[in-house]
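Asks: Residue numbers (the numbering used here), protein chains in the order written: chain A, 1 to 279; chain B, 1 to 277.
I should point out that these hints are in silico values taken from the structure, not numbers from a laboratory.
Glycine included, C-beta positions come from ideal geometry on N, C-alpha and C.
There's no promise every hint is true.
A few chain B residues that don't get close to chain A, going by computed Cβ distances all over 10 Å [claimed, not checked]:
1. T29
2. K63
3. Q95
4. M112
5. K191
6. V263
Not the full set, but computed from the structure, chain B residues with beta-carbon under 10 Å of chain A [unchecked claim]:
7. S13
8. H94
9. E98
10. I136
11. R151
12. G173
13. L174
14. P176
15. G242
16. Q247
17. K250
18. L251
19. R254
20. N257
21. A264
22. A266
Keeping only pairs whose Cα atoms sit at most 27 Å apart, straight-line, the calculated DSSO-like set for lysine-lysine is [to be verified]:
23. B:K116 <-> A:K223
24. A:K268 <-> A:K223
25. B:K250 <-> A:K268
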Amino acid sequence: MIITENLEFRYYEGSNEEVLDNINLKIEKGEFVAVLGHNGSGKSTLAKHFNAILLPSGGKVYVGGMDTLDESLLYEIRQMTGMVFQNPDNQLVATIVEEDVAFAPENLGVPSQEIRKIVDWALETVGMSEYKRHAPHLLSGGQKQRVAIAGVLAMKPKCIVLDEPTAMLDPIGRKEVIATLSKLNREENITIVLITHNMDEAVCADRVIVMNTGSIIMDGTPKQVFSRVDEIKSLGLDVPQVAELMHELRKEGFDAPSDVLTIEEGYKAIKSMLERNVQ
Amino acid sequence: MIIKAENLSYTYSQGGPFQKDALHAVSFTIKKGEFIGIIGHTGSGKSTLVQHLNGLLKPTSGKIYIDGIDTSGKKADLKAVRAKVGLVFQYPEHQLFEETVRRDIAFAPTNMGLSKEEIEERVEQACALVGISKDILDKSPFEISGGQKRRVAIAGVLAMKPQVLVLDEPTAGLDPRGREEILSQIKKLHKDIGITVILVSHGMEDIANTVERLFVMNKGKIAMEGTPLEVYSRYEELEEIGLSAPQVTKLMKRLFNVNVCTVAQAKEYLMGVLKRA
Ligand SMILES: Nc1ncnc2c1ncn2[C@@H]1O[C@H](COP(=O)(O)OP(=O)(O)OP(=O)(O)O)[C@@H](O)[C@H]1O
Ligand SMILES: Nc1ncnc2c1ncn2[C@@H]1O[C@H](COP(=O)(O)OP(=O)(O)OP(=O)(O)O)[C@@H](O)[C@H]1O
Ligand SMILES: [Mg+2]
Ligand SMILES: [Mg+2]
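Okay, chain A solo, but in the shape it has when bound (with noise of 0.2 Å):
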C-alpha cells in the first residue's frame, strides 16, 4: 500500500536539518500500524509523504504504487489516502458541521443521495449527529477533532493516516475511535496509520513503528516493541501501565512476565503467579 525507498526529507533547500534520515517502509494492504516517536521525531513530516503533501527530498515514496513525485497522479493518491491532520482546526473547511463533512465526497463526484447517506453514516460513526446543522468552530475541541474524523470516513479511502486523531478526546471517545477504526481495518481492510502517543492505543494495532530523530528505530508487534521497556523510556517513550507494573516487579526479583499489556493479560499474569505462592 504505501513503500518509502532511502526517504530522506528536508524542510528547506540546502538545510543539513535531516528531518527524515533514510526510511525505508513498507506499509502492506490491510494493515494496522500505530507510529510512535518524541516530539519532533518525524511522525507528521512522514505521514504528510503518505498523500503527497511533502514531497521526498530524496528517495522515493509509493502509494497503491504511485509515485508521488508523478504530478499527474496527484489526484488519485489523495483520494486513495485521506488524512486527518493533528490540528482539527487546519481540517475544517464549511460553516456547517454536514457540509464540512460532505465536502470530500462532494469533490469527488459523488451522486447527492449517496452524500446524504454516507455523511449520516460519518457523523453517527463519531457519535456527533446531534451536532449535524451545527458551526464547527463553535464546538468544543474533542467535538471538532471528531469531526474532522468524519470528513475522512466519508472520503471512503483505501488507507486512513491519522495524526493524533484522539489528543483531545474523553476515554470513552478515544475507544470509540480506535474501535470504529479496527472494524474499518477488520471488515472493509482498510490501511490504517495511526500516529499517537498513547500506548494503550498502540496496543491495538497489528504493527507499532518508533520513530526517533527522523529515523525509525524499532518496529514490530506491540509485545515485541512493548516487551523493550527500559529501551522504550529511554526514547521519551512510555509503555502500557500494566507492563510498566510488571517491569516494577520483576525488577524487585519478581517473576513477572514481560509481554503483558492489557487488564485481561495482567488479571492472568497476576492470577498465575498467586498461585506460584502457594506451592
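Dock chain B with the ligands against the given chain A, drawing on the hints supplied.
Replies: Chain B with the ligands alone, transformed into the frame defined by chain A:
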C-alpha cells in the same frame, strides 16, 4: 487568593441558532495553594468553566469571585484578574503569532513592562521548565512540531509568573516524557512556591499522579468531587459518563477489590501479597 463560584451558569449565543447551555448552576470553592483536577466528557463544559477563571467569559447567571473580584461586576478590574490567573488554552498553538519562539514567550512579560534583563531571565526559566531547547528559540513558531508549539505556549504563560495557573489539556500532543516532565515541573512549582493549579485533562493517569482534589463534570454540572483515589474507585460510574480509570485501578479492583490509582500504589500492594521467585 480564593476562587469561588456560586450557581454559575453559562449559555452560548443566547437566543441565536446555536444557543447552548454549557454550564448549569455550578458552585465550588478553590483555596489558595490547592492542586485541582477537572475531568469530564467531550463537551461537558470544562473549557467553558476555566475561561471564567480569568474573566474571559462572564456568567450568564450566578457569580464567580476571583480573589474577591466579582468578574461580572461593573467596575471589575479584569486586568488585575488576568495578571493573577494565567490560562493556557486548549489549543494554545493558535495563540502563537510572533516572529520567533523567543518573542512569543517574551510577549506577556514585555507587556507587563518588565526590564530587558528580567524578561530574558523569565524566558530562560520558562524554557527550562517546559523543556524547550535553545536551538528552536529563533525559529518561527509555525515551523516547529505540534508538541514543540504546545511547550512554547505553556512557557509563554509561565513567564507571566501567575499566582494561579490554569491549564486546559496542557499535555495533549506531548510525548510521554514531555508529559511527565511538564507535570512534574508544575508539581514542583506548586510545592515550592505554593502556586494554585487547576488542570483540565483527559489523561486519567496524569490526573491520578498529580492532583490533590478532582472535579468530575458531566453535561455542564459537577457530578463528583473527591481525591483521585475516591473518584477513580467509582470507575463504573465514570464509564457511564464518558470517562474511565487508570488501567491499574481496574486491574487491582478486579484482582483484590482494593482501590489504587497509580502504578506505585499497585506495586506496593502486590509486593505485600506475592512471594519472590
Ligand atoms: N514547517 C516546518 N518548517 C521547518 N521545520 C519544521 C516544520 N515542521 C516541522 N519542522 C521540524 O521538523 C522536525 C519534525 O517535525 P514533525 O512535525 O514531523 O514531528 P512530530 O514527530 O510529528 O512531532 P509531534 O509529536 O510534536 O507532533 C522537528 O524538528 C520540527 O521542528
Ligand atoms: N462558542 C460556542 N458557541 C456555541 N456553543 C459552544 C461554543 N463553545 C462551546 N460550545 C458548546 O458548549 C458545550 C461545552 O463546551 P466546552 O468547550 O466547554 O467543552 P469541554 O468540556 O471543554 O470539551 P472538550 O473535552 O471536547 O474540550 C459543548 O456542547 C460545545 O459544543
Ligand atoms: Mg506531529
Ligand atoms: Mg475543552
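Asks: Give a verdict on every hint.
Replies: Hints versus structure:
no.: 1; hint: T29; verdict: 25 Å, holds
no.: 2; hint: K63; verdict: 24 Å, holds
no.: 3; hint: Q95; verdict: 12 Å, holds
no.: 4; hint: M112; verdict: 29 Å, holds
no.: 5; hint: K191; verdict: 24 Å, holds
no.: 6; hint: V263; verdict: 5 Å, violated
no.: 7; hint: S13; verdict: 8 Å, holds
no.: 8; hint: H94; verdict: 7 Å, holds
no.: 9; hint: E98; verdict: 19 Å, violated
no.: 10; hint: I136; verdict: 9 Å, holds
no.: 11; hint: R151; verdict: 8 Å, holds
no.: 12; hint: G173; verdict: 5 Å, holds
no.: 13; hint: L174; verdict: 6 Å, holds
no.: 14; hint: P176; verdict: 4 Å, holds
no.: 15; hint: G242; verdict: 4 Å, holds
no.: 16; hint: Q247; verdict: 4 Å, holds
no.: 17; hint: K250; verdict: 5 Å, holds
no.: 18; hint: L251; verdict: 5 Å, holds
no.: 19; hint: R254; verdict: 6 Å, holds
no.: 20; hint: N257; verdict: 13 Å, violated
no.: 21; hint: A264; verdict: 8 Å, holds
no.: 22; hint: A266; verdict: 6 Å, holds
no.: 23; hint: B:K116 <-> A:K223; verdict: 52 Å, violated
no.: 24; hint: A:K268 <-> A:K223; verdict: 16 Å, holds
no.: 25; hint: B:K250 <-> A:K268; verdict: 14 Å, holds
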